[in-house]
Amino acid sequence: MTALAAPHATPGTQEQKHVSEPPLLRVDKLDFYYGEKQALFGIELDIHQGEVHAMIGPSGCGKSTLIKCFNRIAELNPIVRTQGRILFRGRDILAPGEDLITLRTQIGMVFQRPNPFPKSIYENIAYGLRLHGVKDKATIDDVVEWSLRRSALWGEVHNRLKSSALALSGGQQQRLCIARALAVQPDVLLMDEPCSALDPIATARIEELIIELKYSYTIVIVTHNMQQAVRVSSKTTFLYLGEIIETGDTKQVFNAPVHKRTKDYVAGEFS
Amino acid sequence: MKEKNFDATLGRVKTAMESGSRAPMWALVFETVVKILTGFVVAALAFILFTIITKGGPHVSWEFLSQPPRDTGMAGGVWPAIFGTFFVVLFMIMMAIPLGVFGAVYLVEYSRGGFAARVIRAAVSNLAGVPSIVFGLFGLGFFVLFVGRNLDYMVYDIPRSESELVEKRARLEANRTELEAEARTGAEAEAARRQLAPEEAQAFVAQRVVEATIPSTRPVFGQGAMFWAAATLALLVLPVIIVSTEEALRAVPLSLREASYALGSTKWQMVRNIVLPMARSGILTGAILAVSRGAGELAPVLFVGVAAFKPDLPLTDPVDFGLFEVPVVNPFTSFMHLNYHIYTLATQSPDPDATRGLQFATTAVLVLLTVALNLAAIRLRNLYSARNR
Amino acid sequence: MYREKAIEALLSVCATVSLVAIFLIFLFLFKEGIIAFKLAGVGDFIVAKISEVTFDPVTEEFTKTETTGYVWQPVSDQPKLSFVPLVWGSLLIAALAATVSTIVGIACGLYLSEMAGRKLRGRLKPLMELLVSIPTVVIGFFMLAIIAYPLRAFADWAGAALAPILGDWVSSIYTDTFNAFIGALGVSIVIIPVIASLVDDSLQSVPQDLRDGSFALGATRWQTSWRVVLPAGFSGVAAAVILGFGRALGETMIVVMCAGNAAQLSANPFDSVTTMTARIATEMGTAGVGSLHQHTLFLVGSTLVTVTFFLNLLAEVIVQKYRSRIVS
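Residue numbers (the numbering used here), protein chains in the order written: chain A, 108 to 378; chain B, 65 to 453; chain C, 57 to 384.
What the hints contain is simulated information worked out from the structure, not anything from laboratory work.
There may be inaccurate statements among the hints.
[As the list claims (entries may be wrong)] Take a look, some chain B residues computed to stay more than 12 Å from chain A by CB distance:
1. Thr118
2. Tyr220
3. Ala267
[Claimed, not checked] Taking lysine-lysine pairs in the DSS-like style, the calculated list, with each CA pair at most 25 Å apart, reads:
4. A:Lys226 - A:Lys244
5. A:Lys269 - A:Lys244
6. A:Lys136 - A:Lys367
7. A:Lys269 - B:Lys331
8. B:Lys68 - A:Lys242
9. A:Lys242 - B:Lys99
10. A:Lys269 - A:Lys321
11. A:Lys358 - A:Lys370
12. B:Lys78 - A:Lys321
13. C:Lys87 - B:Lys99
14. B:Lys68 - B:Lys78
15. A:Lys358 - A:Lys321
16. B:Lys99 - C:Lys175
17. B:Lys331 - C:Lys105
18. A:Lys321 - B:Lys68
19. C:Lys120 - C:Lys136
20. A:Lys244 - B:Lys331
21. C:Lys94 - C:Lys105
22. C:Lys136 - C:Lys87
23. A:Lys144 - C:Lys120
24. A:Lys242 - A:Lys269
25. A:Lys226 - A:Lys242
26. A:Lys244 - B:Lys99
27. C:Lys136 - C:Lys105
28. C:Lys94 - C:Lys136
29. C:Lys120 - C:Lys105
30. C:Lys377 - A:Lys226
31. A:Lys269 - C:Lys377
Glycine residues also receive a C-beta, built at the ideal position from the N, C-alpha and C atoms.
Take the sequences, apply the hints, and build the full model.
Next up, the structure:
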C-alpha cells in the first residue's frame, strides 16, 4: 500500500467535470464475440471529457478488446462481431453508417508495442495529415514541430527529422507514436498498455507525458501495472473475464474497493 | 527560446480533418484495378486449362494412350512418350530424394547455422535460380561429354579424340594377328552355342574378325540417354526437395528431439525414429512438387537424350530372372518425352496444322498429369498443416 | 560412435552436392565456352565480319566486299557469331514480360495479402502455384495455337478497318504472327504468379502493428496498403521483380515456340526476335561436338548464367538488407 501514499499519486481531481454533463463516451450493453467465443459481456461504462481512465484486470479479461472498440480497430479481424451501442458525443459509433475515418481522427490510439512506420521521423507525423488532404508544407512543418513538442521529443530529434524513425530507442519510438496520434488533432487518446514494451526510465517519461496531456485530451489507458494506474489515472475500471466488476474514482477503486474480486486483484498485485 | 504560436495552424488542421477530402476517387479506382487484374490472372488460368482440355480431350482415347506414334508422329499415339517421361522422372526422383532429404537433414539437424550451412544454403538458392536451359548445357557438357565419354574410354576403350583414335588404330594394327585369332575363336564358340547354320556362322565369324581391328567410335555412355537426363533433372529439382524438407524438419517440435535424447538415443536414432517420420508428409509434398516440376521441364533434357521419333520403347534385350525373361528399361538410350513431342509436333513438323488434334491431346495429357500432381501436393500440405496447427 | 560419425559424413556429402553442382555448372559452361575464344576473336562475338562476293555480269568480275554487322548466322560458310541480336532479343522480351508481370504480379500480391482476407487468400494462393506448375511447353503451345493466330487475324482486321485513317500503318507495325510481344505475354503467364507469390510473402511479413497504426490514424485500406505496407515491404517487392526479370531472361521453350526466332535487331515488339536461350535450345542439337558453333553456344550459356547469377545475388542482398532493417 505504500505506493498509494506517494506524493505524486494525486491525479487531478480539480478538473473533474460536473456529473450532470453527458459523458463523452458511453458504452451501452456491449457484447463482443471472437467468432463463437464471447469476449465482452454487457459492458456499461461512461467516460467523461478530461478523464484519464485506466482499464485494469488480468490478461485476457477484455480490457484491450474494449478500448479497440472505441475506434473500431478490433473489427480488422473479420471474425469479430459486436452487439450493443457505443455513444461518442451521443452518436452511436457502432452503427453501420459510421464514418470510421472521421471517428479515427477524433479518437487516436497508441499501441502496446511502438509501431513507427519505416519512414523518417518527419514523415511518420506527416502521414496522418497527408492522409486527410493536408498538403501545405508550412502547415505540416508546424504540426510536426508542435506534435513533437507536445510529446516531449522535439529537443531530442529536432535536428534529425529526416532520419529513420526505426533508429530511435523504444521509448522515443513510443513518444513518436503519441506525437503521430496527436498530429491529427484527436479529442480522445486510447493507449493500449503503452509502456509494456519499455524499460522503467522510458516508462516514467511516458507517464509524465500522460500527466501533461490530460489537460488537453481525454485518455483511456489499458495497463497491467497497478502503480501506473494509480499514478496517472483519475478513474479506474476493473474488468474480469469480459465483465466490468467495478468502476469509479481511482482512489476509491484502489483504497476502498466494493467488490471482493477487485480487492483481491488490487491487493494481489501490491503485496 | 520562445515557443511559436501554433493555434492558427492547428485550427486549420482541425478543420481539414473534419471536412477532409478523404476516400478519394482514385483510391477506389486503384482498388478496382487490382481486383480486376487478379481476376484476370485467375481467368487466364481457367481459360488455359479449359481450352486445352476441351480441345485435347476428345482426341484422348485408349488407343492414343497405348499406341506408339506412326508416320514420324503424324498419327498414332503417345505411349512411348508417356513411358519415357514416366521413367526419366522415376530415375530423377530416385536420385534427388536421397540427396535432397539427407542434405536437408544435415543442414537442419547437424550444422545449425554454421558457415558450411550458410554456404550450402546460398548454393541451393543459386541453383534454384539457374535457368533451366543452362542445366541442359551442363547435362550435355558434364554428364554426356565429360562423364559419359570418359566412361566409354575407360570401360570400352573408345577414343575421346582424333589423336587417340589414330593411336588406337596403330595399336590394333600392331596386334592384328593376335586379335583376329582371338576374335575368331570367340565368334566360333558363340556361333556354335547359338546353333547358327553353317553359312550364317561363317558370315558371323568373318564379321567379328573384321570388327576386331576396327576401332569402335560409337559411344555407349557418351551420348544423350535417359540416365543423364534424369541426373540433370535431379539437380534441377534438388532445391525444391531440400527447401521443403528443411521446412518439414523445422516444424518438428524441439521438445520431441529432447525427449528422444533423454531416452538415451544417439543423434541419428533420434533423426531416423522421431524427426523423419514426423516430417514424412512434408517431404512427400516436396517430392510430388519435384516430380511435377521434372515432368514439366523440357529445356534441361533437350540435348541430353530426348528423341523426336522413336516408336520402340527404350528397353534392353530380355533379361533372365530365372523364372521368367523380361526386358527392362535401358537407361542408356534415348527416349521420347511428352514435352518434346508437343514441341516437335507443333514447331518442327512439316505440317503442324494437320496434327493440331494430336498436339492438343498430348498437351491435355501432360497438363492433367502435372495439375493432378500439384493438386495432390496442395491437398497433402493443407492436410498436414491443419494437423500441425 | 564411428557409426554416427560415418552417417554425419554421408549426410554432409549429400548436402554438399548442391554446392558442387553450382560449381561444376560454372566450371563446365566456362570451360566449354572459353574454347570459343581460341577459335574466334573476342570481337567476333560482338561485331561479325561479313564478306560478300558479288558477280558483275558486265565486267564478268567477282568483287569481294568486306563489311561488318551485328549478325548471328553460325552455320554459314563464314560463321557470323555476333551476340548482339540474341542479347537484344533476350532483353526486349524480358523487359516487356517484366513490365507486364511487375504490374499484374504486384497487383495480385497486394490483393492476396491485403484485400482478399484469409479465406479467399487460402484459395487463391494454390491457384497461383498451379499456374506456375503448368509446363512451359504447354504455355508456349497455348500461345502458339490459341493466341498468336487470332491476334494476327485481329491485327489484319483492324488494319483493314482503320486503313482509311491510318493507311497501312497497322500492318507495317504488326509484322510477324510470332513476335516478341506474344513471347513476352507467354513468359508473363509464368512469371506473374512467381512475382505475386513473392510479393504476397513479403507483404505478409510486414508486421500487423503497422497496419493497425495506420488504420488508427483514419487511413483507408488502400491508403494503408499503398503508403505503409508496400513501402515497408518494398525490398521484398523489389527482389521479387528482379527475380522475375531473371526468370524471364532464362525462359526458353515459350520463347522458342512463339517469339518467331529471327535473329534481328528490332525495337518493334511485333517483330520476330530470338533470344540467347532460344538459340541454345534450337541449335545445340545440331551443332557438331567440338565445333566452334557448339563452343559459342556454351559461351552464350555462360553469359546467361553469369547474368542470372548476379541478378539472384542482387535480390538476395536486397532481401538481407531488408531483414536486418525490420529486426532493428
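Going through the hints against the structure:
| no. | hint | in the structure |
| --- | --- | --- |
| 1 | Thr118 | holds (37 Å) |
| 2 | Tyr220 | holds (65 Å) |
| 3 | Ala267 | holds (85 Å) |
| 4 | A:Lys226 - A:Lys244 | holds (17 Å) |
| 5 | A:Lys269 - A:Lys244 | holds (14 Å) |
| 6 | A:Lys136 - A:Lys367 | holds (23 Å) |
| 7 | A:Lys269 - B:Lys331 | violated (53 Å) |
| 8 | B:Lys68 - A:Lys242 | holds (21 Å) |
| 9 | A:Lys242 - B:Lys99 | violated (29 Å) |
| 10 | A:Lys269 - A:Lys321 | violated (29 Å) |
| 11 | A:Lys358 - A:Lys370 | holds (13 Å) |
| 12 | B:Lys78 - A:Lys321 | holds (19 Å) |
| 13 | C:Lys87 - B:Lys99 | violated (49 Å) |
| 14 | B:Lys68 - B:Lys78 | holds (18 Å) |
| 15 | A:Lys358 - A:Lys321 | holds (17 Å) |
| 16 | B:Lys99 - C:Lys175 | holds (16 Å) |
| 17 | B:Lys331 - C:Lys105 | violated (65 Å) |
| 18 | A:Lys321 - B:Lys68 | holds (21 Å) |
| 19 | C:Lys120 - C:Lys136 | holds (17 Å) |
| 20 | A:Lys244 - B:Lys331 | violated (64 Å) |
| 21 | C:Lys94 - C:Lys105 | holds (17 Å) |
| 22 | C:Lys136 - C:Lys87 | holds (22 Å) |
| 23 | A:Lys144 - C:Lys120 | violated (90 Å) |
| 24 | A:Lys242 - A:Lys269 | holds (18 Å) |
| 25 | A:Lys226 - A:Lys242 | holds (18 Å) |
| 26 | A:Lys244 - B:Lys99 | violated (34 Å) |
| 27 | C:Lys136 - C:Lys105 | holds (7 Å) |
| 28 | C:Lys94 - C:Lys136 | holds (16 Å) |
| 29 | C:Lys120 - C:Lys105 | holds (13 Å) |
| 30 | C:Lys377 - A:Lys226 | holds (16 Å) |
| 31 | A:Lys269 - C:Lys377 | holds (20 Å) |
Hints 7, 9, 10, 13, 17, 20, 23 and 26, counting from the list given before, are not met by this structure.
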